[in-house]
Amino acid sequence: MAEACITFSDFTLGYNSHPAVHHLSGAVKRGSLTAVVGANGSGKSTLMKGIVGVLKPMAGGCAVAHDTRIAYLPQQSELDRSFPARVVDLVSLGLWPRRGLLGRHRPEDRDAVAKAIQAVGLGGFEKRTLDTLSGGQLQRALFARVLVQDADLILLDEPFNAIDAKTVTDLVALIKRWQGENRTVMVVVHDLDLVRAHFPEAMLLARRPIAWGDARETLAPENLLRARQFHEAWDENAPWCSPETETGGHGHSHDHDHAGHAHGGQGHAHDHHNAHAHPKPAQADARHVHGNAA
Amino acid sequence: MDMLYQWLIAPFAEFGFMQRALLGSLLLSVSSCPVGVFLMLRRMSLAGDAMAHAILPGAAVGFLLFGLEIVPMTIGGLIAGIVVALGAGAVSRLTVQREDASMAAFYLISLALGVLIVSLRGSSVDLMHVLFGTVLALNDEALGLIGLITAITLIGLSIFWRALVAECLDPLFLRSVSRLGSPVHFVFLALVVLNLVGGFQALGTLLSVGLMMLPAAAARFWTVRVEPMCLLAIAIGAASCVAGLLLSYHASLSSGPSIILSAGVVYAVSIVAGTRGIVATRLRPASHRTA
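Taken in order, these protein sequences are the chains called A and B.
Position in the first sequence counted from 1, then plus 96, gives you our numbering.
Position in the second sequence counted from 1, then plus 2, gives you our numbering.
For the record, the hints were derived by calculation from the structure and aren't laboratory data.
Being a predicted model, the structure only gives us computed values, none of them experimental.
Mixed in with the good hints there might be a few duds.
Label pairs and their calculated CB-CB ranges [to be verified]: (1) A:Gly217 with B:Arg291: 20 to 28 angstroms; (2) B:Asp102 with A:Asn136: 27 to 35 angstroms; (3) B:Arg291 with A:Tyr111: 46 to 54 angstroms; (4) A:Trp330 with B:Ser121: 49 to 57 angstroms; (5) B:Ser160 with A:Val264: 38 to 46 angstroms; (6) A:Lys223 with B:Ser160: 52 to 60 angstroms; (7) A:Gly220 with B:Val73: 23 to 31 angstroms; (8) B:Thr277 with A:Gln325: 55 to 63 angstroms; (9) B:Ile280 with A:Asp331: 53 to 61 angstroms; (10) B:Arg291 with A:Ala258: 24 to 32 angstroms.
Chain A is nowhere near these chain B residues, computed Cβ spacing over 10 angstroms in every case [unchecked claim]: (11) Gly18; (12) Thr97; (13) Ala165.
Every residue gets a Cβ at the ideal spot worked out from N, C-alpha and C, and that includes glycine.
Here chain A stands alone, though its shape is the one from the complex (with noise of 0.2 angstroms):
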């Protein structure tokens, strides 16, 4: 059996005391492609900052197996490209994790560089500037970066973005060879049919989790509709969540195992799995302030 590689146990991140990722509770397995998908504003890229702990959690926590190295790819990037760099100055910035502030770049690392600028079909762009790349060759140097980072954990937050159909097919077989190299990946992305397509495991978001496992059940018509129906935009009076309305009597306990589980027909053993949708703790308890345990 796989064992875990991100275990979360009532995780919760948020601004300002709103959470945007509200109480994950289960465990990615390790070499396991999963796809985080959900309307904009659902917590699918604070997850991942979570999980990086560039941000750091409200409550609960985020358990990454030890020595486990972690690629991460966000959204947003804050890459100065103005900066005078080349491509094979930026994907060799991926080096870092191996040779650190002071090691010396070896003949080796040079010929990885430029191994995972072929690999994303920048051959021959190794010189170029950074600003006189298009968005969507930046990105590919960007996915270059990740794979000379040779990390155990991929994070990819809407890696595809404005990238074309051709680069998509080629970053998809990319990342499928990098789930058969045993590493984790999980990739936020908004592109359903590309989920059900080629990622073998799905968690779907609003906020909360609203279901995690088989990438097919996960997007299945009903879970969709349930995910559409949460207010993007914050509540300013909503009442505080309280320990006692998330943990008990709500029918999940998170330390169970759902091996017995069948998803539909699918034969398919999600162990790991808490793909708990639990209730709405609105109006129950607003007496009592968040403890932020654990």
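With chain A's structure known, arrange chain B on it following the hints.
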């Protein structure tokens, strides 16, 4: 030939104060021009200017207590510069205020404070000394200090080079692979302060930032890579120092402004004639390639 010697070599060969001025300003070029390149690439050019002002109250306190002495004024400037750099950095990282606004706030306060303190004791001549420096009066202490600062800067830059580039190019990436992001920012600010303090003996608090920024800004018009840009900035800085000192010698002009104006001339020429300057990028090329 003799004419050339008289113009270019003789002033440095004959006068000790010119030799010291040359040595000091060349060391400063080697040290502060690469720092200026990074300052520019991080879009912090005006922050450098702000920090140059921020050094003033510290230097002024040194002046108030010990008179026009190099060491106390330098130490005072260093402390004030670090307080302002850290303070402004902390305000922008911990609150919603952006770095430019917090820098402006901190430097305006320190400039007013500095001028106030200098005027408590000194005359306007002293104020001019502090504000615009005296490159022709560098003593052994000052030269030693500048040499030390140059060494620290070069070592610091070579250790943190990769992190500095990464932090400029893609800060979010650096944060995702390393915890060096914030420390590198502060190391860099410390180098900026150090170089401004080093420059202020020679060029004064207001103009020391000129030797940092102008060669860097000029070099930006000639190259598209960081390493050559730093080397070119050093070359431009050094050439400006030589030209400025000669100009001030022959035409009896004030030395600090002459150096900075020489760098300004290089900058102006670069804007027009640089390989990425106006002429090269704006004029319609005579022909273009098929692909």
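Verification of the supplied hints:
| no. | hint | verdict |
| --- | --- | --- |
| 1 | A:Gly217 with B:Arg291: 20 to 28 angstroms | holds, 22 angstroms |
| 2 | B:Asp102 with A:Asn136: 27 to 35 angstroms | holds, 31 angstroms |
| 3 | B:Arg291 with A:Tyr111: 46 to 54 angstroms | holds, 49 angstroms |
| 4 | A:Trp330 with B:Ser121: 49 to 57 angstroms | holds, 53 angstroms |
| 5 | B:Ser160 with A:Val264: 38 to 46 angstroms | holds, 42 angstroms |
| 6 | A:Lys223 with B:Ser160: 52 to 60 angstroms | violated, 25 angstroms |
| 7 | A:Gly220 with B:Val73: 23 to 31 angstroms | violated, 57 angstroms |
| 8 | B:Thr277 with A:Gln325: 55 to 63 angstroms | holds, 58 angstroms |
| 9 | B:Ile280 with A:Asp331: 53 to 61 angstroms | holds, 54 angstroms |
| 10 | B:Arg291 with A:Ala258: 24 to 32 angstroms | holds, 26 angstroms |
| 11 | Gly18 | holds, 41 angstroms |
| 12 | Thr97 | holds, 14 angstroms |
| 13 | Ala165 | violated, 6 angstroms |
The structure is inconsistent with the numbered hints 6, 7 and 13, although it conforms to all the rest.
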